[in-house]
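Enquirer: Chain residues, written in single-letter form:
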Amino acid sequence: MDDTICAIATSSGIGAVSIIRLSGPKAIEIANGIFKGKDLSKVNTHTINYGFIYDGKEKIDEVLVSVMRAPKTYTKEDIVEINSHGGLLTTKTILELLLKKGVRLAEPGEFTKRAFLNGRIDLLEAEAVNDLIYAKNDMARNMALQTMGGLLTSKIKKIRNKIVEIMANIEVNIDYPEYEDIEVVTKENLLPKLKDVDKDIMGLLDDAKNGKIIKEGINVAIVGKPNVGKSSILNTLLDEEKAIVTDIAGTTRDTVEGSITLNGFLINFIDTAGIRETNDVVEKIGVEKSKMAISFADLVIVTLNNNDELSNYEKELIDSIPKEKRIIFVNKSDLEDNININEPFIKGNTLTIDGLKSLKEEIINRFNLNDILNKDMTYISNVRQKDLLRKSKESIENAVENLEKGMPVSIVQIDINNAWNYLGEITGESYQDELISTLFNNFCLGK
Amino acid sequence: MFDIIVVGGGHAGCEAANIAGKMGLKTLLLTMNKNNIADMPCNPSIGGTAKGIIVREVDALGGLMGIVADKSHFQIKMLNNSKGPAVRSLRAQADKIEYPKRMLEALNNNKNLEIKEGMVEDLIVENNKVLGVILDNKEKIYAKEVILTTGTYLKANILVGSDNKPSGPHGEKRSNHLSDNLKKYGLNIIRLKTGTPPRIKKDSIDFSVLKEELGDNEYWTFSYDIEPQYDINRQQKCYLLWTNDKTHKIIKEHLKESAMYGGYATGVGPRYCPSIEDKVVRFADKERHQLFLEPESIHYDEWYLQGFSTSMPTYVQEEMVHSLVGLENAIITKYAYAIEYDAIDSLQIKPSLENKLLENLWTAGQINGTSGYEEAAGQGIIAGINASLKLKRKEPIILKRNEAYIGVLIDDLITKGVKDPYRMLTSRAEFRLLLRHDNADLRLRGIAHDAGTINEEQYNRYLNKIKNIELLKEELKIKRLEFNETTKRVFEENNIEMPKHGSNYYELLKRPEITFELLSNFENFNYPKDVIYQVEIDLKYGGYIEKAYKEAEKLKKLEEKEIPSDIDYSKIKNLASEARQKLEQIRPETIAQAIRISGVNPADIAVLSVYLKKEYNNNE
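In order, the protein sequence lines correspond to chains A and B.
Under the numbering used here, read the first sequence as residues 1 to 447, first letter to last.
Under the numbering used here, read the second sequence as residues 1001 to 1620, first letter to last.
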């Protein structure tokens, strides 16, 4: 990271002020070279300075320049921010001028990457910044901000501290077997401690589900027999919400038909076109196809026709979806009741605005959408992190199981150590030295 | 002209000199005082947790420490016997007269080894190559390789309260110039400190109020090659005692008078071996601290007060000692002292223990920043072997972290560096389940044989053990449990549920509650004890051993990713500046080593790996 990078830090809208950020060893020197006002190389750190940007003799813009010297900056390098008032074109001119002076255009996320590489933020925080940049709604943004603030890191650190204290106690027993004043870790006193840790990790994993909902939204598939009104449900929902439907980027783009927000959460409708267009095809093929959509979905709305009797195909369809994953929606409530069904269901229609109100309420209840909002938003939300959490939990469970079978504490220590390392990998910390210093900070030993 | 000169006759020097001679090289051991060869200036014991395993590793590699300790101790026990096989380790109370005497005998029997008294002041260096040593009388002695094992003698200062005098351990001469000269050649010199507790006259101790500490009721040896040399019933006792309020009050009142708290010392002391004043200050809420009284020798009446090392002035030491229950009338025969000394920066050493800056120069023991007789011996034998292998134009032995505690020790030294004297702990070894006291021979005798450090008899003993382990395992797979009166009774008496009729022993022994001891009630296993022990561990802890091997395999892949020695870290973009600086300084030889350097983060490793892949095709 010897070079100096720059980028336009504000979004490329028609905002009144845009900011160009420079970071690197030559940030101040180069900015100073095109700036007329105070000598930036001599101003105090963290000051804002008024002046003009010049290209040679040509005045380009009237600006405010913030100078922040390493290491107390976002990247831990020298940072200069040029606040330009001149609109997009002027901003671009300044940027080009800087590039001409030897600054390199930053890659996406490079400021954050530098912050991480320079040890300013840990891996979890870096990932959060990334999440923030790509946040799809306000809540995802809040969650990213909280992770960035280290809330999640501190939750994981708390669990790790619990584990390291157990480990340090075991190690002291091993390395100083003759010291009688130190509590001896036994199966009996270790088991409850491990179970406590297991519970903590479980808590984070439970929260992880909510984290995914906040970040990615809920994937919904609407399935059912031809002509039960699947398209009209979708279209009614989409029409109603048109003003706030956003273009969804990311992996699901190809399969998402459209999205709405419900209580601020994204509801993504999975493309089940295949199923809807099988009018002439044998119904069994429909079942096969819907299975794919069902496996991908967090929620499946099985749509039935109030006017028809339940067919075998529909019975099969309902049975193929786990209860907690499905909502049975009986459409066309305006028509005569001919359906006979033993499962709980929601009734409604697509004729009026209120016709789908009951369906929406069911979705909100099903995912506790009102409650999630009230919790703090420190959820593990990416796959890497979740995977490590799971591995960590498995290791603790292994330790418990083997202890109960009669393995000595010094052996199941291997599992405990693994659990601790997996958690450390989430936050990207290093391990062995930390363990040894805890050992010596907590216990009093020696010759 | 010698092949190898070893400077210093401590525990590192003895092993280095002996093994070099054993490997057929003309070797000179230079010591300041022949009477101090293999001296034990601190605790009267060999082994201990982790350390006892190092002693067995030294033995497996063909070294002397194990055999000499076996012949000269008056108490021995297996520590952590109840805590599982991975953490067991032997410790012996070694006689401070007998141990050096027998070590000297062994060295005198080495026909390629010459011992000479003399103090080394400087090296003969040409073009960063060491050609020999210069003594204080200006005599020059030439050699192809020079191994420095100077212990705590480099610019040593003894501190007792505000009294600070230039001196080696127990009043010996110190080396005044060697460390300055090493600095001149570009080596970084650091200053370390260690200490030793007071010695008490036996007659003045009231043993009646102290708690006894006995040796084991089972026979043990460190060495894989000899039978026990002692009588189990004639082991000496040690004793346990504690500090009290009164002791703590005296220490707090006089704190400023101690060398450390009065600011008279500059060296960094060991974390794990704090002085008693350190313990009282750092653990203020503890009501008492545990101490041990251990005899130093059966030939004289001095006892070692373990746990009570201090740098207080002598009159305060008197008060402190007399405050202890059982030592009210104790006579102190030697006062405790702290000792400061120069050491080199272990980051300037290669994994072989040769110096990175000066060719043909090797270092081992406290000069590398470690503490402890066993740590010294472990490095000494490796330095001796590798200097010899170099002269034989063979590759050095570099033990991996999953092969030996000695491997962990050296790897820690060269990748992490030393801030306070380094002591081996089981917690430093991530593969400790593989690094057991019982399998040091299985781990290292093959390597030792290849290097030519053990004889055929030793090698055959090792091959035999392997063969027997296999035979016993085969036998267990065939033999099955029968339902009869005897077996029923045995299981009943031991409160163990009767397994199914016809279960084979191999599977049964995997259960924690079913042991060879139990089966031997109705079955005869005609194998040596160590073979049975080995098989039992293999079966009982097989799942975990398997896991450890898998982890070791991962590490091996990283060890195989070599970093070219000509790499220019300044050319790698996006390395964090701290990582770049550390990598530049340490120049790790493999990615695995790079990972272990503190300050090098996983992200840096990723960046480095990508660079290697791009720039060097041979790197996967």
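Hints are supplied without guarantee of correctness; some may be wrong.
[Stated by the list, open to error] Beyond 10 Å from chain B on every Cβ pair, some chain A residues (computed): (1) N118; (2) N173; (3) K405; (4) S410.
[Unchecked claim] Residues from chain B that face chain A, not an exhaustive set, calculated with beta carbons under 10 Å: (5) G1048; (6) T1049; (7) K1083; (8) V1087; (9) K1116; (10) S1204; (11) S1208; (12) P1228; (13) K1529; (14) K1540.
I should point out that these hints are in silico values taken from the structure, not numbers from a laboratory.
Where is the CB? At the ideal position from N, CA and C, for every residue including glycine.
Enquirer: The structure should be examined with respect to each hint, and the outcome stated for every one.
Expert: Verification of the hints:
no.: 1; hint: N118; result: 6 Å, violated
no.: 2; hint: N173; result: 7 Å, violated
no.: 3; hint: K405; result: 6 Å, violated
no.: 4; hint: S410; result: 4 Å, violated
no.: 5; hint: G1048; result: 9 Å, holds
no.: 6; hint: T1049; result: 5 Å, holds
no.: 7; hint: K1083; result: 5 Å, holds
no.: 8; hint: V1087; result: 5 Å, holds
no.: 9; hint: K1116; result: 33 Å, violated
no.: 10; hint: S1204; result: 22 Å, violated
no.: 11; hint: S1208; result: 20 Å, violated
no.: 12; hint: P1228; result: 22 Å, violated
no.: 13; hint: K1529; result: 20 Å, violated
no.: 14; hint: K1540; result: 8 Å, holds
In summary, the structure is inconsistent with hints 1, 2, 3, 4, 9, 10, 11, 12 and 13 from the numbered list given earlier, while agreeing with the others.
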